[in-house]
Amino acid sequence: MVNPNKNKSLNPLSKINLRTKTLLIIGLTILILVLIVICSFFIDSKEITTNFLIINQPPSFEHLFGTDWLGRDMFTRTIKGLGLSIQIGACASLLSSAIAIVLAFIGSINQKFDTFVAWFVDLFLSIPHILLIILISISLGGGALGVTIGVAFTHWTSLTRVLRAEIKQINTSDFVKLSERFGKSRLWIAKEHILPLVITQIIVGTILIFPHAIMHEASVTFLGFGLSPHEPAIGIILAESMKYLATGNWWLALFPGLALLIIVLLFDIAGENIKKILDPTSAND
Amino acid sequence: MMKNEKLLKFLGKKLIRFIILIIFVILLSFLLIDLSPINPVKTYVSNMIVSQEQIAALEAYWGVNQPITTKLVNWLGNIIHGDLGTSLIFRMPVVDVIKERFTASLILMLTSWLFSGILGFILGVIAGFKKDTIIDKVIKVYCYILQSAPTFWIALIILMIFAVYLGWFPTGLGVPIGTLSEDVSFLDWLKRLILPMITLSIIGVASIALFTRDKLIEVMNTDYFLFSKARGESGWNLIKRHGIRNILLPAITLQFLGFSELFGGTVLVEQVFTYPGIGQAAVSAGLRSDVPLLLGIVICSTIFVYSGNLIADIVYNFVDPRIKEGEDNG
Amino acid sequence: MMNKLLDVENVSISFIQYTAGLNQRDLKVITDLTLDVSEAEILAVLGSSGSGKSLLAHAIFGILPENANLSGTIKYGGKVLSQKDKEEIRGKDIALIPQSVNFLDPLMKISDQAIGYTENDNEKKEKKIKQRKIFEQYNLGPEVDDMYPFQLSGGMARRVLVSTALLSKPKLVVADEPTPGLDQKTVKETLNHFKKMKEDGVGVLLITHDIHAALEIADRIGIFYAGYVIEIAENKDFSGDGENLLHPYTKALYNALPANGFKLTKGHQPLHGEIPKGCPYYDRCEIRLDKCSEERPQLINLGNKKVRCFKYEDGV
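Those sequence lines, one after another, are chains A, B and C. The working numbering puts the last residue of the first sequence at 506; the count rises by one with no breaks. The working numbering puts the last residue of the second sequence at 1311; the count rises by one with no breaks. The working numbering puts the last residue of the third sequence at 495; the count rises by one with no breaks.
Simulated from the structure, these hints should not be mistaken for laboratory data. Just so we're clear, the structure is a prediction, and the values are computed from it rather than from any experiment. Cβ atoms here follow ideal geometry from the backbone N, Cα and C, with glycine treated the same way. Check before you lean on any hint, since a few could be wrong.
Claimed, not checked - 27 Å max Cα-Cα, derived DSS-like pairs, lysine-lysine:
| id | chain 1 | residue 1 | chain 2 | residue 2 |
| --- | --- | --- | --- | --- |
| 1 | B | K1221 | C | K307 |
| 2 | A | K242 | B | K1112 |
| 3 | C | K430 | B | K1221 |
| 4 | B | K1221 | C | K309 |
| 5 | C | K306 | B | K1221 |
| 6 | C | K309 | B | K1112 |
| 7 | A | K333 | B | K995 |
| 8 | B | K1221 | C | K303 |
| 9 | C | K350 | C | K304 |
| 10 | A | K389 | B | K1052 |
| 11 | C | K348 | C | K430 |
| 12 | B | K1111 | A | K242 |
| 13 | C | K415 | C | K367 |
| 14 | B | K1221 | C | K271 |
| 15 | C | K265 | B | K1111 |
| 16 | B | K1112 | C | K430 |
| 17 | C | K367 | C | K304 |
| 18 | B | K1121 | A | K242 |
| 19 | C | K306 | C | K271 |
Said to hold, decoys possible - Computed far set for chain B versus chain C, every beta-carbon distance over 10 Å:
| id | residue |
| --- | --- |
| 20 | K1052 |
| 21 | N1055 |
| 22 | Y1123 |
| 23 | L1207 |
| 24 | R1222 |
I would like the entire structure built from these sequences, with the hints used as guidance.
And the structure:
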């Protein structure tokens, strides 16, 4: 009697389009990212050989991104650097969202804790990110660990805010109140009621931290506080390139930076599209 | 009368909050630096020739070998007296270094802040007004790309184009660290300002333009906007009368909330263009273990960010007629 | 018979919506709606709140959201209106009275909004005088001019919205739910405004869920059910036992009024998206035929009245 399919099937083509398009974008982005990481694993830093016969060559089919002043292939170095960036970005954003989840949960216990968490967020937002990362990195003696922790400890704020607001709303709902009356523990309520409802936000939030994390890692490394100069990180490559800009070796800076930009952009796009799939209201606009 | 009283009360509350905040910022950064393997005295000594008395004075200032609490209390005491210590690399009081460097950075930051704000707002309004057209798409793509671009890379590209390729500016823009701004003529200084400013401006455009666009589209879907349409208003005049009126305040608020990002951008841009500002000083201080200077910069950047937030709060709470009057009545 | 102002013929409005996982569906809110309004006539469209009848008003003024699909024709003065025509006459020949004060710009003073856009100072002065005059008629003092919308009381807001609509001397007024949650006195006052408009020869399309308001002032009443107009009845038909009403739903509605015994029918209106294939009222109908579940009845024209029911295929 009721025929729900009738209205749905009115325009099958456009239905396929948006859904498939979104899934396709997500799939493609993930594929590219995974490919880069895998490739970078197979590139041994020592294998990026110096070859003084081919120093400072502009881009060619043989060397897509050109070669540097030691005759190293810039494409290989860039891929290796990107792989490194993605790994550090992944660690930092996972750590970041773990911090966000813990703090949001602490904040949900009672009003006092909530105020404290809100204040803590304010505290971390009051120092410019880059300065705080530098401070943390210095305190840990620099290196990959320093920069990862530094980035992780500065990027949890926005997800914490989102989760806090969400949890606040869930806490006022009837089923949570009912569970409280039945004497269920905070942890039980968090696991059974809250987590399933905020998992979308957590996933999207973590993915959206990623691009910022990568960019900040590169920035801090560029300034000289992050990865050591021996690592082929994008920040290092770009910092080195500055010495050769005046001599016209434009490819040294252009391609590695562009590659980083594309990675950041891909993460952003993937994040937005996953958000669309999980939360349809944003697609209705 | 009522309003002024309320504003004062508001500011008083904010001041107290600020004092608490800054104490914790100091505590946090002090703790972080104390954790680090840096020994300020040792680095200082290794960098230059100093006499025994100087080392003793330094050790006394830093309280080497004393527990962290004593060190902190000492240092806090000095701060309250306006003494942030002596910069190890500039060899002058931190306060003076910051004064000079921060002025240079403020000019850079505020000009690009203003530029990017105005340009971003205009682009955002155009994009929102022409939603889903080519113009909108171009603006959107531009913003997305710039948002994903590392600031220092954009700076490098601009340096390459304008200094190396076009040759309009010398590639070595900087002056040696420690040179005072008085030693540089106004024209030289202006020349050094332009490229960093352009870089910061075109990067800053992205967030404000996207925000303005979304906000305008939101307003264009509101009931009051529809009603104005139904009453025969249309086109650009409609946007001007009802659109811009309703998005200007949020946009200004957002722009003030962006002081933290602005500062971050400045640090990177100054480094690329060797612009003698606070950002460059911060990087030098960090790299060369100039602890007093680094801590001083953290404090002053916190004040900078906080004042941005404060102005945003004031704009939000005291300019909007709804909230202004609404609270009076309640 | 007065001249016809507005002719709405077979108008359907639907939306494309995305659900979780980005599955798309087409949501029909108004289906095959036909009605007309003449000069000096009040036609009420009566439907439950949230049934999407406001979209009819938006369709007439050409202000539907972008993801809405509009089909059918809307004529004004016998001429089919294109989007461009609508933009041309809205705010001049036709005026909208919206639901609430939320339809006023929160950051603009009342008189500036009422006056609207002006080319120059002279025009502004002229319009200001007109605005002051009509505000005065509606008992709105000069202090109202400089107020912001949030400062208006409920009754004041209503008068502002009505007088703003009348500022351009429209021939047709579309009032979308003009009496929501108002006290008795304000409702009465507002309804009197519409009576006054009618006396002045203005045609009024009153979109409402308030059957009392509709019965008090409307000449004819269109009954809106699950996105369909199932009957257009004359006001005088709502009398006695409702024996002059045609559609079983209209009769049920009439009988559910407190004055008529409060008889409620079981069931509820189908929601958008779950409207049956046949007659939308099939589930609840007491006089249904077999074909009602399979086939959708067309709107049958019975002179001044219209009904959508197979029972009246051969007239009343």
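Results for each hint:
{"no.": "1", "hint": "K1221(B) / K307(C)", "verdict": "holds, 20 Å"}
{"no.": "2", "hint": "K242(A) / K1112(B)", "verdict": "holds, 21 Å"}
{"no.": "3", "hint": "K430(C) / K1221(B)", "verdict": "violated, 50 Å"}
{"no.": "4", "hint": "K1221(B) / K309(C)", "verdict": "holds, 24 Å"}
{"no.": "5", "hint": "K306(C) / K1221(B)", "verdict": "holds, 20 Å"}
{"no.": "6", "hint": "K309(C) / K1112(B)", "verdict": "violated, 36 Å"}
{"no.": "7", "hint": "K333(A) / K995(B)", "verdict": "holds, 20 Å"}
{"no.": "8", "hint": "K1221(B) / K303(C)", "verdict": "holds, 17 Å"}
{"no.": "9", "hint": "K350(C) / K304(C)", "verdict": "holds, 24 Å"}
{"no.": "10", "hint": "K389(A) / K1052(B)", "verdict": "violated, 41 Å"}
{"no.": "11", "hint": "K348(C) / K430(C)", "verdict": "violated, 37 Å"}
{"no.": "12", "hint": "K1111(B) / K242(A)", "verdict": "holds, 24 Å"}
{"no.": "13", "hint": "K415(C) / K367(C)", "verdict": "holds, 20 Å"}
{"no.": "14", "hint": "K1221(B) / K271(C)", "verdict": "holds, 21 Å"}
{"no.": "15", "hint": "K265(C) / K1111(B)", "verdict": "holds, 20 Å"}
{"no.": "16", "hint": "K1112(B) / K430(C)", "verdict": "violated, 48 Å"}
{"no.": "17", "hint": "K367(C) / K304(C)", "verdict": "violated, 33 Å"}
{"no.": "18", "hint": "K1121(B) / K242(A)", "verdict": "holds, 19 Å"}
{"no.": "19", "hint": "K306(C) / K271(C)", "verdict": "holds, 13 Å"}
{"no.": "20", "hint": "K1052", "verdict": "holds, 53 Å"}
{"no.": "21", "hint": "N1055", "verdict": "holds, 53 Å"}
{"no.": "22", "hint": "Y1123", "verdict": "holds, 23 Å"}
{"no.": "23", "hint": "L1207", "verdict": "violated, 5 Å"}
{"no.": "24", "hint": "R1222", "verdict": "violated, 6 Å"}
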